[in-house]
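Asker: What follows is the residue order along each chain.
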Amino acid sequence: MSSVLVVMEQASGGGWHRISREALAAGRCLAAEMKMPCAAAVLGTADATTTLTVQLAGEGVTVWAVEHPLLEHYTADAFVAALQQLVAETKPAFVVFPHTYQVRDYAPALATRMNDVLVSDVIAMNVSDVEATFTRQWMGGKLSAQYRHVGSGPCLVSVQAGSFKANAANVGPAAIEVRKFAPQLDAAQVRTKPGEPFREAARTVDLGSAQVIVSVGRGIGEQDNLKIVEELASALGAELAASRPICDAGWLPMERQVGSSGQTVAPKVYVAVGISGAIQHLVGMKGARTVIAINKDPDAPIFEVADVAAVGDLFDIVPAVTRALRA
Amino acid sequence: MKIVVAVKQVPERDTPVRVAADGHGVDAGDAWTMNEPDAYALEEALQLKERLGEGEVVVLSAGPERVESTLREALAKGADRALHIVTPEEGAGSLAERDTLGVAQMLAEAVRGESPDLVLTGLQSDDLGAGQTGVVLAELLGLPHVTLVLSVEASAGAKQIRVKRELEDGWFQHLDMPLPALLTIQSGGNRLRYATLMGIKRARSKETKQMEAVTASARHDEVVRVAIPERTRQTEMLTGTADQIAAKLVERLKAEVGI
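Going line by line, the protein sequences match chains A and B. Offset between the first sequence (1-based) and this note's numbering: plus 611. Offset between the second sequence (1-based) and this note's numbering: plus 37.
FYI, nobody ran anything at the bench for these hints, they're computed from the structure. Even glycine gets a Cβ: it sits at the ideal position worked out from N, Cα and C. Watch out, some of these pointers could steer you wrong.
As the list claims (entries may be wrong) - Listed below are the simulated EDC-like cross-link pairs for lysine to aspartate or glutamate, each with C-alpha atoms no more than 16 Å apart in a straight line: (1) B/Lys291 x A/Asp918; (2) B/Lys246 x B/Glu146; (3) B/Lys201 x A/Glu811; (4) A/Lys804 x B/Asp213; (5) A/Lys804 x B/Glu190; (6) A/Lys791 x A/Asp918; (7) B/Lys285 x A/Asp658; (8) A/Lys702 x A/Asp727; (9) B/Lys201 x A/Glu807; (10) A/Lys879 x B/Glu293; (11) B/Lys86 x B/Asp154; (12) A/Lys838 x A/Glu700; (13) A/Lys646 x A/Asp740; (14) B/Lys39 x B/Asp117; (15) A/Lys907 x B/Asp51; (16) B/Lys246 x B/Glu105; (17) B/Lys246 x B/Asp117; (18) B/Lys201 x B/Glu190; (19) A/Lys791 x A/Asp658; (20) B/Lys201 x B/Asp213; (21) B/Lys285 x B/Glu267; (22) B/Lys285 x A/Asp927; (23) B/Lys196 x B/Glu146; (24) B/Lys39 x B/Glu91; (25) B/Lys39 x B/Glu105; (26) B/Lys246 x B/Glu91; (27) B/Lys86 x B/Asp117.
To be verified - Chain A regions said to be covered by chain B (calculated; three or more residues, Cβ under 8 Å): (28) 730-743; (29) 807-818.
Construct all of the structure, not just a fragment, from the sequences and the given hints.
Answerer: Right under this line is the structure:
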């Protein structure tokens, strides 16, 4: 019978990567609509999968514990080989991944090995009992595109953080059915040698606990212009943050970056200055209670999540706000 | 070290985009530029060649005639020569008619002809943003790959490289891998250079080889519909002069956080 397979990912510090639960919720929803059973796959050593599968009690899914010593540390080569074998064995109609850095590293190769494609970075799905379409963003969020899988193989999708709500309560029986799967892997297949993860330096800015954040994006134009947002932040008693391009250019330190590759924030107020609002940025600030956006482009995707929108020249508006706050 | 850098030409960031007349694509006007993550990949290749003091950087792009301006930009920045896989602007065989696998198959054919030590590309494109082409290309070429690479350590003549990969939440990792290999480059690992006047002059005498695209296979996915996204929140739109907007913003800020 056709089924939905959700490939779960461990967090580096143990437990589940936060998007794994969301991917599982997406997979369960897809399975329910399609009237298919849903299974979750866990990859790792026997010790690791034993600890992790316990945490899936109550999710009401069958768990595939994919176990091999070569799966202890992530490598694309071992993960692709193991999952290709699991898919060949279980023949799912859909394979759902969390859209993590790790998945981005191996899922496209897995799709290619099966002569198929992955629909990546999905933010919504539209499912009937016969068909599913998946929405992803184009042009940094200015357009949304609905995709349908048409190949004969399984449909592979990865879901973006914050797009599907993880199950808050148990939805299935507490008992959990765990099936072991032992892939055939050979150390010679693994071509990359990963080192231990490390941090560059201790983080000195904790944007996560800030109440008010002024965040700046490409619209600021050049480094010298940053002073107008610094002054606004100071007048507001806010932390200064930025979207990735500002940190890439070295105008602000990387630790002030908000987004999928930076910090996740949830302030009372988030003031987005000259930020277009690509999904990679939005996933980092969706938790803000009030979003105020200042941008000259009325079509900027940031306005889709803004509570208050000022369409206009930030070089006029930002200093005017600072003046008004100080008056 | 011979390095092929695959770059994509994408619409300029600030040009207004519309849904194409057929409802399945983008009408992005006629202002085009090099995909920014690919510019970081090109920069990494140029710096690598400079550090090693030897090698060749070949820039590769697929698309219609307009793509040549992006290839010229890469040559002006210092790439040694260019490969242009020519596709129609639209219709059968165009980029829009190919899925990620179909695009990577074209690129793979061109890369095979070069037998490079290293293939670099950006981690994703600014237009479709699938973030897959590099990984799919590696798989088609049978090369090991690492994504989200910030820097590459290599020595002349070595058969191995060490790369620094960005992980999530501010973590990094080094990986050792054999050559040939494919890397997708994360932005921010280096600083982009501008083309100099001398570079632009030199680019004129550099070779751009046009190549025929391999026939497109049927897509494995279909774009059913493209639309302007719906707003998810009730947005209060502020209008007026800068001072009027500022006054309303301050009022709102006071209500929200008691400033």
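Asker: Taking the hints in turn, state whether each one holds.
Answerer: Hints and how they fare:
no. : hint                : verdict
1   : B/Lys291 x A/Asp918 : holds (15 Å)
2   : B/Lys246 x B/Glu146 : holds (14 Å)
3   : B/Lys201 x A/Glu811 : holds (12 Å)
4   : A/Lys804 x B/Asp213 : holds (5 Å)
5   : A/Lys804 x B/Glu190 : holds (14 Å)
6   : A/Lys791 x A/Asp918 : violated (49 Å)
7   : B/Lys285 x A/Asp658 : violated (58 Å)
8   : A/Lys702 x A/Asp727 : holds (14 Å)
9   : B/Lys201 x A/Glu807 : holds (11 Å)
10  : A/Lys879 x B/Glu293 : holds (7 Å)
11  : B/Lys86 x B/Asp154  : holds (12 Å)
12  : A/Lys838 x A/Glu700 : violated (59 Å)
13  : A/Lys646 x A/Asp740 : holds (7 Å)
14  : B/Lys39 x B/Asp117  : holds (10 Å)
15  : A/Lys907 x B/Asp51  : holds (10 Å)
16  : B/Lys246 x B/Glu105 : holds (10 Å)
17  : B/Lys246 x B/Asp117 : holds (12 Å)
18  : B/Lys201 x B/Glu190 : holds (8 Å)
19  : A/Lys791 x A/Asp658 : holds (12 Å)
20  : B/Lys201 x B/Asp213 : holds (9 Å)
21  : B/Lys285 x B/Glu267 : violated (25 Å)
22  : B/Lys285 x A/Asp927 : holds (14 Å)
23  : B/Lys196 x B/Glu146 : violated (23 Å)
24  : B/Lys39 x B/Glu91   : holds (9 Å)
25  : B/Lys39 x B/Glu105  : violated (22 Å)
26  : B/Lys246 x B/Glu91  : violated (22 Å)
27  : B/Lys86 x B/Asp117  : holds (11 Å)
28  : 730-743             : holds (count 3)
29  : 807-818             : holds (count 6)
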